[in-house]
Amino acid sequence: MSSPADPGSDEAVFAFRDVEVRFGEAVILTGIELEVAARGITVVVGPSGSGKSTLTRLTNRLLDPTRGTVSFHGTDLRALDVLDLRRRVGMVFQRPTVFAGSVRDNLAATGVEDEDTYKEALDAVGLPSTVLGQVAATLSGGEAQRVCLARTLLMRPEALVADEPTSSLDHESTLALEGLARGLADGGVPILWVTHDRAQVERVADARVVLEDGRVVDR
Amino acid sequence: MSGPVELLGAVASGLLVVVAIGISWWAGLHLERELITAALRAAAQLAILGLVLVAILTPGQPLALSWLWVAVMIVFAGWTVQRRVPDVRRIWLLSMAAFSASAVVTLGILFGARVFPVDSSTVVPLAGLMIGNSMTATVLVARRTTAEFHDKRLEIEARLALGQPSSQAAAPYLREALRTALIPQVETTKAVGIVFLPGMMVGLLLAGVTPLDAVQAQLVIMYLVLGSVAVTTSVIALGLRRILFTPAHQLRLPGKE
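Chains A and B, in that order, are what the protein sequence lines are.
The numbering of the first sequence is our numbering, which starts it at 31 and goes up by one.
The numbering of the second sequence is our numbering, which starts it at 10 and goes up by one.
In short, the hints are calculated from the structure, not lab data.
Keep in mind that the hints are not guaranteed to be accurate.
Unchecked claim - Which residues of chain A face chain B? A few of them, derived with a C-beta cut under 10 Å, are:
#1 R91
#2 L92
#3 L115
#4 G120
#5 Q124
#6 G141
#7 V165
#8 L184
Each residue gets a CB set at the ideal place from its N, CA and C atoms; glycine is no exception.
Using the sequences and the accompanying hints, generate a full structural model.
Structure, rendered in structure tokens:
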């Protein structure tokens, strides 16, 4: 395992500087100083309630920090167009979140309207193009999460943030998704991957950050 | 008192409230106090309304007095909506904007097309009907929208994460909330005359107006209510979108974060 990029280096895709997040009186994250390498898979590991999901939501401004800054390739996120940022930073959520309608409708939600591109994206996540017309709600958990990943990949993101993407999947689907992530990372898309599963860290991490009680406690 | 109902008759109708209280006591509903409060409050509010209307409708009074009373009704309606939807801050302001928009559209069409003359005897009753009948739908759409956003939070954030602006990400869920709020009024409009006789029409018939004239007036009122419900609920739904999302297209639900 290699270390995350050095602080201040251009090699960081995300940089967190003195980040704090509070919801009312509750402190969710505090004193976060973190760089996410611009290549490979950086895994943030920690127990439930350690602030991992909150950390991911800061990367595409679904949430803003109460204090401190988060930057993307050296630019403060607040200086970027937020809608453009979200297309550059793809996100896969903990639970497969498919929308009502068919798989095609789900892929069309990205604004991309090209059938061949849909087929390529499905192929990239190991799904046959025949699922395009299938009602998304009838997919298995593993298939649905793959559709979510395909939906995200359609935007050709520069980085991928995955918030415990395998937590609701069986072992086989988990390994398949990890393999897909490895392929993406090797193809040049840096990944910030959040998990509470120590064994998964060993399987996927190029770099590792341990979060506990809203603080980085180990790297 | 001259009119369709003598004062003694109005008092006698209070026996029906006693019947309702008796049923509540017999069935152990524990609604006796609520029923008494509701009945007394309705009587007091209608008595005040009667006095205000006497003052407003007295010949020679300026029309501005009527519009002033409409403004008071809108403020009170906004306050009522806020009480019923306490989770959403500033909903009172939004509700006032919704009722005002509805007043402009619906009364604008009725007065503009000369369906009714613009005078003291029409402004206050029509505005009252419009606001009163839109209130339930307004509360419903506000509650439904916040509930829908809570339930579908993950989906909405997944849409936002795809780079959709908040207007687009919220659209399917706002549509659902609006449908839920509008359907009862559409059903009421469909059933009128067959399943029930609206209160205003009954009032006109009791006041001695011919059935055809009563039907004609009632039809206009039903359309007025349908239009006003559509306008108020749309303004509320669109306004809630502005309240529940930040300018950076972040979902901010009441009670969360």
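Going down the list of hints, with the structure as the test:
1. R91: 6 Å, holds
2. L92: 6 Å, holds
3. L115: 8 Å, holds
4. G120: 8 Å, holds
5. Q124: 9 Å, holds
6. G141: 7 Å, holds
7. V165: Violated. Min distance 15 Å.
8. L184: Holds, because the Cβ-Cβ distance from A/L184 to chain B comes to roughly 9 Å (cut-off 10 Å).
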